[in-house]
Amino acid sequence: MTMTDTTSTDLELELEFGRTDVPLARRGAPVRVMALGLWGVVGGLLAYGVVQTALKAAALFG
Amino acid sequence: MSVLDPLTTPFRRAFSVLDRDRTIAPQGFNRWLVPPAALAVHLSIGQVYAFSVFKNPLLDRFGSSHTSIAIIFSIAIVMLGLSAAFGGRWMERNGPRKAMALAATCWVSGFLVASVGVNLGQLWIVYLGYGFIGGIGLGIGYISPVSTLIKWFPDRPGLATGLAIMGFGGGAMVASPLTAWLLGRYADTPADAIVPTMLTLAAVYAVLMACGAAVIRVPRPGWTPEGWVPSQKRNAMQTHADVRVGNAVKTWQFYLLWIVLFTNVTAGIGILEQASPMIQDFFSTVTPESAAGFVGLLSLANMAGRFVWSSTSDHLGRKLTYVMYLGIGALLYATLALLGGGISVGVFVVITFVIVSFYGGGFATVPAYLKDLFGSLEVGAIHGRLLTAWSAAGIAGPLIVNGFADARSAQGIEGSALYLPSLIVMSCVLVVGFVANTLVRPVHDRHHEPTASPVPPTATEPVLAGVKES
Numbered sequence: 001m002t003m004t005d006t007t008s009t010d011l012e013l014e015l016e017f018g019r020t021d022v023p024l025a026r027r028g029a030p031v032r033v034m035a036l037g038l039w040g041v042v043g044g045l046l047a048y049g050v051v052q053t054a055l056k057a058a059a060l061f062g
Numbered sequence: 063m064s065v066l067d068p069l070t071t072p073f074r075r076a077f078s079v080l081d082r083d084r085t086i087a088p089q090g091f092n093r094w095l096v097p098p099a100a101l102a103v104h105l106s107i108g109q110v111y112a113f114s115v116f117k118n119p120l121l122d123r124f125g126s127s128h129t130s131i132a133i134i135f136s137i138a139i140v141m142l143g144l145s146a147a148f149g150g151r152w153m154e155r156n157g158p159r160k161a162m163a164l165a166a167t168c169w170v171s172g173f174l175v176a177s178v179g180v181n182l183g184q185l186w187i188v189y190l191g192y193g194f195i196g197g198i199g200l201g202i203g204y205i206s207p208v209s210t211l212i213k214w215f216p217d218r219p220g221l222a223t224g225l226a227i228m229g230f231g232g233g234a235m236v237a238s239p240l241t242a243w244l245l246g247r248y249a250d251t252p253a254d255a256i257v258p259t260m261l262t263l264a265a266v267y268a269v270l271m272a273c274g275a276a277v278i279r280v281p282r283p284g285w286t287p288e289g290w291v292p293s294q295k296r297n298a299m300q301t302h303a304d305v306r307v308g309n310a311v312k313t314w315q316f317y318l319l320w321i322v323l324f325t326n327v328t329a330g331i332g333i334l335e336q337a338s339p340m341i342q343d344f345f346s347t348v349t350p351e352s353a354a355g356f357v358g359l360l361s362l363a364n365m366a367g368r369f370v371w372s373s374t375s376d377h378l379g380r381k382l383t384y385v386m387y388l389g390i391g392a393l394l395y396a397t398l399a400l401l402g403g404g405i406s407v408g409v410f411v412v413i414t415f416v417i418v419s420f421y422g423g424g425f426a427t428v429p430a431y432l433k434d435l436f437g438s439l440e441v442g443a444i445h446g447r448l449l450t451a452w453s454a455a456g457i458a459g460p461l462i463v464n465g466f467a468d469a470r471s472a473q474g475i476e477g478s479a480l481y482l483p484s485l486i487v488m489s490c491v492l493v494v495g496f497v498a499n500t501l502v503r504p505v506h507d508r509h510h511e512p513t514a515s516p517v518p519p520t521a522t523e524p525v526l527a528g529v530k531e532s
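Protein sequence lines correspond, in order, to chains A and B.
Heads up: the first sequence begins at 1 in my numbering, then just goes up one per residue.
Heads up: the second sequence begins at 63 in my numbering, then just goes up one per residue.
Among these hints, one or two may not hold up.
Which stretches of chain B does chain A cover? Using the computed rule of at least three CB atoms under 8 Å from a CB of chain A, they are [claimed, not checked]:
no., region
1, 273–283
2, 327–335
3, 356–368
These aren't lab readings, by the way, just hints derived from the structure by calculation.
Note that CB positions come from ideal geometry on N, CA and C, so glycine has one too.
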C-alpha cells in the first residue's frame with residue numbers, strides 16, 4: 001500500500017466518519033478541529049502550570 | 063457463529079473504534095495535530111508527581127505514619143515500571159488509542175477507588191486504587207503516545223519525545239496548584255476535601271485523556287515526511303532496520319542504556335528528593351518560603367530540560383547528548399561537593415538547575431536513543447522494558463541521599479557537610495553512566511528484522527495553516 005492508494009483512505013474515512021457523500025477534506029475536519037482545540041487546552045494548562053510555578057519560584061529571589 | 067454473538071456484536075462494534083486500524087491517518091494528515099494527544103495523556107498522568115499535595119490531608123484523615131502514606135506513591139511508581147515493561151508489546155499490537163483508553167480507564171478508576179477508600183477510612187483501598195490500578199494507567203499512559211510520535215517524526219525523534227514527556231513534567235506543575243486550590247475550596251479542612259477533590263481530578267483527567275485518545279493517529283505504513291531522506295552514513299548510531307523487543311533485550315546495548323538511564327535518574331533524584339532542606343542546610347540565610355521557590359524553580363528546570371535537551375539531541379546526536387548529561391553532570395556534582403557552602407546562592411541555584419534539567423532531558427531523550435539503536439517497530443515496548451531502570455532508581459536515589467544525610471546527622475554534622483558523601487557518590491554514579499554510554503555501539507545486523515521491499519514515500523506534509531485531511 002502506498003500513500004497514493006486512495007481506496008483504503010476512503011475506506012478508513014468511511015469507517016471513521018460513516019459517510020461517503022462528503023468530500024474527503026471535509027470528512028477529516030472534526031479531527032482537525034478537535035486536535036487544534038486540544039492544542040489550545042494543553043497549551044493553556046501548561047501555561048497555567050508554568051506561571052503558577054514561576055510565581056512560586058519568585059519567592060527564591062524575593 | 064456463537065449463540066452469544068447477537069449479544070456481543072454491538073459491544074465489539076462499539077469498541078472497534080479503539081482498534082489500531084481506525085487510527086490510521088488519512089493521506090495528507092498533518093503530523094503536528096498528533097502531539098496534543100500525547101500531551102493530553104502525559105499532562106494527566108504527570109499528576110503523580112504532585113501526589114505530595116495529598117500527603118498531609120491523608121495523614122490527617124487516616125492518622126497513620128508518613129511511611130504508610132508514602133507507600134501509595136511507591137506502589138504507583140512500581141506499577142508504572144511493571145505495566146510499562148509488560149504492557150509494551152500489547153500496546154504495540156493494539157495501537158495507541160486502545161492503550162490510551164486503557165490508561166485513562168485505569169488512571170480515572172484509580173482516583174475513584176481511592177476516593178472510596180478515603181471515604182470508608184480504609185487505607186488498603188487507597189493502595190489498591192491510586193497505587194495499583196492508577197499505577198497501571200501510569201505505565202501504559204506513559205509509553206502509549208511516545209512510539210506513535212517517534213513514527214510521525216522520524217527526522218526529529220528527540221523533539222517528538224521531548225514534546226510528549228515534557229507533558230509529564232508539566233502535569234505536576236498543573237496538578238499541584240489545582241489540587242491545593244480544590245482542597246481549600248471543598249471543605250473547611252483539606253482532610254475533608256480529599257474525596258471531592260479526587261472526584262474532580264478524575265473527571266478532568268477522564269475528559270482530557272479521552273480527547274487525547276480520540277485525536278491520536280498513527281501514520282500509514284511506509285509514510286515518511288516529505289523530502290526526508292534517512293542518513294546513509296556507515297557506522298552511524300542511527301539504524302535503518304528494526305529490532306523486536308524480544309531481541310532487543312538480548313543485546314548488551316539495551317543493558318548499557320538501562321545503566322545510563324538508571325544513573326541519570328538516580329543522580330537527579332539526589333537533588334530533587336532533598337531540594338528544600340538541602341538549600342537551607344547549604345545557606346543559613348535561605349528561609350523555608352525561599353526554599354519552596356527553589357523547589358518550584360527545579361520543577362521548571364525538569365520540564366524545560368525535557369523539551370530543550372531532547373530537541374537538541376536531534377542535532378548533537380544521542381550519544382553526545384548523554385556525554386553532556388553524564389559528564390557535565392558529574393563535574394557539577396563534584397563542584398558542589400568540593401565547594402560546599404563556600405559558593406553563593408546564585409551559583410548553587412544555577413548548578414542545581416542545570417543538573418535537574420539534565421535529569422529531565424535524560425528521560426525525554428532515551429526513547430529517541432532507543433529508536434536510533436533498535437528502529438521504531440517496537441520502540442514503545444522496548445522503552446517500556448527500559449523504564450524498570452526508573453523504578454530501580456526511584457528506590458536507589460532516595461536511599462543514597464537520605465542514608466548518608468541521616469548517618470551524618472547522627473554524627474552531629476550540620477550544614478552543607480551533611481551532603482558531602484552523597485554528592486560524591488552521585489558524581490561517581492554519573493561517571494559509571496558516562497562509561498556505559500561511551501560503550502554503546504550500533505546493534506549487530508543479526509538482531510535486525512528481515513527487511514521488506516521498500517515502500518516509496520510519497521506522502522505530503524502540509525504546514526499547519528494549510529492543513530489538508532484528504
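Results for each hint:
| no. | hint | in the structure |
| --- | --- | --- |
| 1 | 273–283 | holds (count 7) |
| 2 | 327–335 | violated (count 0) |
| 3 | 356–368 | holds (count 7) |
Consistency note: the structure conflicts with earlier hint 2 alone.
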